[in-house]
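If you want the building blocks of each chain, they are given just below.
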Amino acid sequence: DTEVTQTPKHLVMGMTNKKSLKCEQHMGHRAMYWYKQKAKKPPELMFVYSYEKLSINESVPSRFSPECPNSSLLNLHLHALQPEDSALYLCASSQFSGTPSSTDTQYFGPGTRLTVL
Amino acid sequence: RKEVEQDPGPFNVPEGATVAFNCTYSNSASQSFFWYRQDCRKEPKLLMSVYSSGNEDGRFTAQLNRASQYISLLIRDSKLSDSATYLCVVSRSTSGTYKYIFGTGTRLKVLA
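Chains as they are written, first to last, in the numbering used here: chain L, 62 to 178; chain W, 97 to 208.
These are calculated hints, taken from the structure and not from any lab test. Hints are supplied without guarantee of correctness; some may be wrong.
When the alpha-carbon atoms are kept at most 30 Å apart in a straight line, the in silico BS3-like pairs for lysine-lysine are as follows [stated by the list, open to error]: (1) L:Lys99 to W:Lys141; (2) L:Lys114 to W:Lys205; (3) W:Lys98 to L:Lys114; (4) L:Lys70 to L:Lys97; (5) L:Lys99 to W:Lys205; (6) W:Lys141 to L:Lys101.
Could you build all of it, start to finish, from the sequences and the hints given here?
Structure, rendered in structure tokens:
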């Protein structure tokens, strides 16, 4: 099973709302990622968690707050977002076996399509 | 200069044609290489990993040239269903984890 699940599929929120995106994988992967993707652009890395610790924050604004409650779950908490934050938010996971190899494939969830009004 | 570069296309080809995509990467510390396919409004899906010796999966052939820092994807006998964006991805170690760096993607449209 190479499935990464994400909820919700769609989210519409106002600029003063607080919401959370959820991601789950049961492949035993130890690295999990959040990406943001705008139309006709490639995914843009936001955060990386390795062994439940935040390893990379790509200078993401503090209105995005990641959380990794356990090795299978990854959340992205949203607060006071701007209309330009509207995008597809993708979660991914990879095995993280020690050194990158061709078997350390990233698997993506279907994404949450976020609209900020 | 972007770390991973691809021709954005679009490549418009007739059904049955052979089409090749190229990708260059600038960081010599890059360790693993992949081609992903992304359909409109969907998530990227792994098409194939790319090995130094080159590898083939049905109509798809991938090549890696580490000396030139160049990756290619060849699609033979194109089908309408091959229409998608093809993303070149390289990974490397950084900050105690792996980072996957995406090219801009190459759009392919196969025409009937």
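Against the structure, the hints come out as follows:
1. L:Lys99 to W:Lys141: Within the cut-off at roughly 17 Å; holds.
2. L:Lys114 to W:Lys205: violated (41 Å)
3. W:Lys98 to L:Lys114: holds (28 Å)
4. L:Lys70 to L:Lys97: Between L:Lys70 and L:Lys97 the Cα gap is close to 14 Å, so the pair holds against 30 Å.
5. L:Lys99 to W:Lys205: holds (20 Å)
6. W:Lys141 to L:Lys101: Answer holds: W:Lys141 to L:Lys101 is near 16 Å, not above 30 Å.
Consistency note: the structure conflicts with earlier hint 2 alone.
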